[in-house]
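Student: So the sequences go chain by chain: A and B.
Numbering follows the UniProt record's numbering, with no gaps: position 933 of the first sequence is 933.
Numbering follows the UniProt record's numbering, with no gaps: position 282 of the second sequence is 282.
Hint data in this document are derived by calculation from the structure and do not stem from the laboratory.
No experiment lies behind these values; they were computed from the predicted model shown.
Glycine included, every Cβ here is placed at the ideal spot set by N, Cα and C.
Don't take each hint at face value.
[Claimed, not checked] Covered stretches of chain B, going by a simulated chain A footprint (3 or more residues, C-beta under 8 angstroms):
1. 31-44
2. 72-86
3. 265-276
4. 319-329
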Amino acid sequence: MSHPVSLAGKLQRVLFPRLLAALFVVSILICGAVLYFAQEQVADRQMHHAKILQDDIQISLQDALRLLQSVADNDIIVNSFIDYEQRDTYLPLFFRTLRLTRSDAFRLALYDFAAQPIITKNWNSALPDDFVQQWQSRTLEAGSKTVEVTADGVMLAVPVRLGDSVEGALVLYVDRIEDLIYPRENTAVQIITDNDNVVLYSSDDTVVARGQSFSDSQFANWISQTLHWNTLNVHSLAPLSTVYQSLFWLLSLLLCCIIATVLISVYAVRRSASLAGETLSSLHNSIAESMYNQTPSRSVAPPDEAAELALIRDAFDELKDNLLSISLSNRQFANVIDSLEELLVVLDNNDNVLMANRPYSDSAHTLGFDHRMLSSLKNEVSESSSTIDKSYVNKYHQEVTIKWELLPFSDQNKNIIGSILIGNNVTERRKLESMNRLMSHAMQSATVAIGIAEFTESRLSIIYVNEYFTRLTGYALDDVKGKPLVTLTGQQTELQKIEIINTQIQSGESVDETIVLHKQNGSVFHTRLILTPVRYNKTVTHYVAFCQDITEQEQTRRYLIDAKAKAEESARLKSSFLASMSHEVRTPLHGVSGTLQLIDNTPLDERQQYYLSLARQSLQNLQHIVDDILDFSKIEAGQLNIERINFNLPLLIKTITAQYEPECEKKSVTLHTTTAFNDATMVCGDPVRLRQILGNLLSNAVKFTESGHIKLQFLLDKNQHQLTLTGRVTDSGIGIDKDKCESIFEVFTQEDSTTTRRFGGTGLGLAITRQLCQLLGGDIEVDSQKGTGSTFQFTIHLLPANELPAAEAIDSAAAPIDSVPQSLRILLVEDNKINQIIAKENLKNHKLMMAETGEAALAALRHVKTPFDLVLMDCQMPVMDGYEATRRIRAGEAGQTHQTVPVIALTANAMKGDKEACFEAGMTDYISKPFTAEDLARVLGRISA
Amino acid sequence: MAVRNYLFLICLLLSFYVVGSVQSATPSNAPLVIAVDADFSTVAAEGGEAIYRGARLAVENINEQGGLLGHPLKLVRSDHRGNPGRGIANINQLAETENLLAVIGGVHTPVAMAQLDAIHKHNLLYLGAWAAGTPVVDNGYAPNNVFRVSIRDSEAASVLLQHAKSRGLHRVALVLERTGWGRSNHDSLHEAAAKLDIDIVKVTWINWQQSTFAQDAGAIADTNAQAIILVANAPESAVVARAVKKQFPGPMPIIAHWGLAGGDFVSMLSLPVLATMDISVIQTFSFLHQSNPEAQSLFTQYKNRYDNAISPESVPAVVGLAHAYDLVHLLATAVKSAECKNTDVVRDALENLPAIQGAVKRYSPAFSSTRHDALWSDDYFMSRFDNMGNLIPYTR
């Protein structure tokens, strides 16, 4: 066996003979082609030369013609036609400077319209006749340019124009073409002949001279090209020998190429053989390694590997790897089956186990499955034609439920070759299902409407409602499933609440809201809606809604609110009625009181005096009753104003007790006062109300005590910032029954009806007293025994006196009237005639003027000559009331002099806010009606002071 | 007195001769010919046409009144195209014409100057309707066959410069065409300037058909010239005007000889450009200026014959029209008084015309033996262009 030849050697042996043969043929072809193309090229070159010569002549002629025309158009030339006298001074100079061709050997002449020369240059002899004929007919008459090239030479003529008419001609003549063109720059022989083949131009006079006759036969061994242009023939000639010269350089070049080709081929063969060899040996190594290690391995890429070889190597590696990985996937498949949760067992048609996964093997072990059991199970499942549940007890005595399923086992040809049993452990699921059923039942049978809504895309859609919900709203599950919660809302639903609920839902909060909803039949119901979010992973996924029908509760609540409002309204009406009644009563009372005062001022006998005192007594009682009613109604209406001013507490008690001393003396009842004030005199509180409380208690004590004593005890306690005044009024009067002790503080009650008859009174006094005590922060209580007397004990809160000086109002009634004002001019504004009369009498010392309305008052103020010192203004009048009139006075409507006049309000209203209203309107002071002469005098004193 | 008698005798003798020759050579009613040799095609075609029209209207008048010496008048025309050479050839050719009374020549002094030799060689009467060169009339020939109703450069110069002076312009630049006409004005303008105390600060020349004048305009701008005196035909005047417009920021006054009125200067320059320029032109006639009955009659005839809608100021090259019209009438009067068509007799009659009312003026008389120019500086006036490009006389 001979040694195998290498890849390179083999390739070389095959390649070389063929390569050399091919090179020989190609060389022959190239030589032939070169000869052919060289001849072509020389011919082309001659054509090119001829063309260049033609172009050269053409361009020269055109240039000369253009130059000639520009001279003809020159205004010097034109002007010379006109400037007959002096043209000879500048025209020759102009002509001398002209150079129109490449050589100076040109002749030039300017002719006039009649073909008479005006000026010439180098014009030695006459032109050939046919030239003259040419330019005169074509240029001077027809006005076009003339170009003539003949054996006689070259002639160019252009017209000279004056405006649009041809008025002369400029003629250029050159007798040889050479004078127009430059010498040829190539080696070829170029000849121009005319139609008679007479040579007009020759680039080489040694070959053929100008004027000779030219024939093609002379130049048989020449390569010749001819162009025809106008009446001329342009020839270019080159000897044939020039063609062969071009072959010499080619032969040496060819030889070099052949040697180079052979060398390159050898190298290329060796190189490609080595490239392929490297790749193949790398593949061989890699296969050997994979076989040995049983793992995929990649072959090593040799350096400078060709792309095709790399592709083959990669494909081979791939194939090798695939083979290795098939065995791997078989193992993985087994692992997958074992990793399944389901029990899987494959049986053949004889119920023999072909394959079983690990869960099956484990269960078979713990639950004791065997061939018999599998066989019967298979039959059972195939009979039921669906899945079946089977329960087993494991070794821990726990019940295990397995759901079995049967699948046919087929081969590639879809022939059934056995069966597959799949078992699912559903123990947990069955438990959950049972629990779920229970929950559902509980929900369905609940007596509260329950709904569940799914939270998707930030809105709630109902997915479940229970039976009670249907009973409550009329909507069945199918009606509302997938719909939003707002389905139940309607016209009467408060939009605001829906907004609130929506906001809460959007932020995932619970909702507890009472809201009006609509049933399916349109009727409304009040419900307490509780929405509870259900979260999964901190995200709200559902809302559970509970709807409680509270329509009845709501109706009840409304009824109660209405009832309360009505009750309050009725109480308000009552107080208002009382207030207006007392006011209405006061006005006539004032009249009576005033009239009695007036009578008192008249001379009376004793009997009359006595009657008058009776009348005054009655009047005082009446006034007292009215005051009580007024106070009470103020309290009821919440209009009683509690003041805080400084006052002298011991002095106040002294003045009150002093009022009752005369009466006590009359009844022989001792009045005894003890105080424990710890040196405190000035306190801060409401002296008027305190006086009222004390007055009420004292007057009762005096009223109900016929003999014995009345004791007053006062105690001032100080704790922190507050003072507590405890007062006790003890009498030895008729006393009160124990069981009546509480009711005497109620409105319109006295101890019994007989009391009323015996002692009079409205029955409001104690009720007012208690209310006052309570308003002043304390209370009142009574301790009494029928027949032995009573003890009333009250407490009120006071404050220590602050820095402010004691108000004058503490005891204005007792303040002495120092100065009686002198005669003043007073305007009384009052609509009530009786009041007018009383006032008039009381103000006898003053000059008084009357006005019945606000408007009349303004008019009087405006028109009076001497200004008023004072205006007494009734508050309530027809047309324009006192407030309005005062405002207008202050606004200057009654004149500037009266803008600051003191205005004293006369008011029958003693209700809260009246005083403020007076001051607000700009009044200076006020007197409450009914007023006495002293009241008036006091206010007048204050004003005039 | 002796001269008159002598002339009369010659006329008598010659008339016998002429009548005899006419009788033998031509039929008795053969028309007498007046030729108009003018530029009908190049730079002053409008002028040529206006001359022809004026002559034609006059000829028609005369023919309506029975013609001259019992012959109708016939008008022929030849076109010298502004080319003096052609002008000479035309005269030589016209000399062959039977019964030629006179040649009315027009537009271009150079042509007229060149024709002088031939005119006198053939003893033709040359009536100049539009050629201002002084030497056209003062030509040195005796007897002088040239009679002219036209501007005379030596007189025009003083009018042009007087106009400048009256406008307070004391330094002028001359722009002259490089021909006999330009040179005629060169001399007369210098003479007049010396008399009027005006400085000629620059003289520039322009060739016929010169296409640019920028360089010369620049040279004028380099002087302190206040105005330009322009002596050129329409095409060159337009070139000059454009260059001046481009060179000078404000309107530089151009005081022009009448050459620019002989061609279509206005459309060459364009109305908008013209409106921005200050150009005055010397004229002898305008239907707005002359209001004598002859002028009015001429206008009526012109309208009836050529353009019914034309306005007095827009008759093109109107001076040529009026001059030719008057020349024909003057010639006719002379021929009538000569009672023959003999050149020498008619020349004599022209020199001894009575006073005649013409369209241009009342000639009293038109010519004398020493003066062959009918118009003098008093008969010239300056005019300017209106918005439509028509020449309007300056009001005096």
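Student: For this structure, which hints from the list above don't hold up?
Tutor: 3, 4
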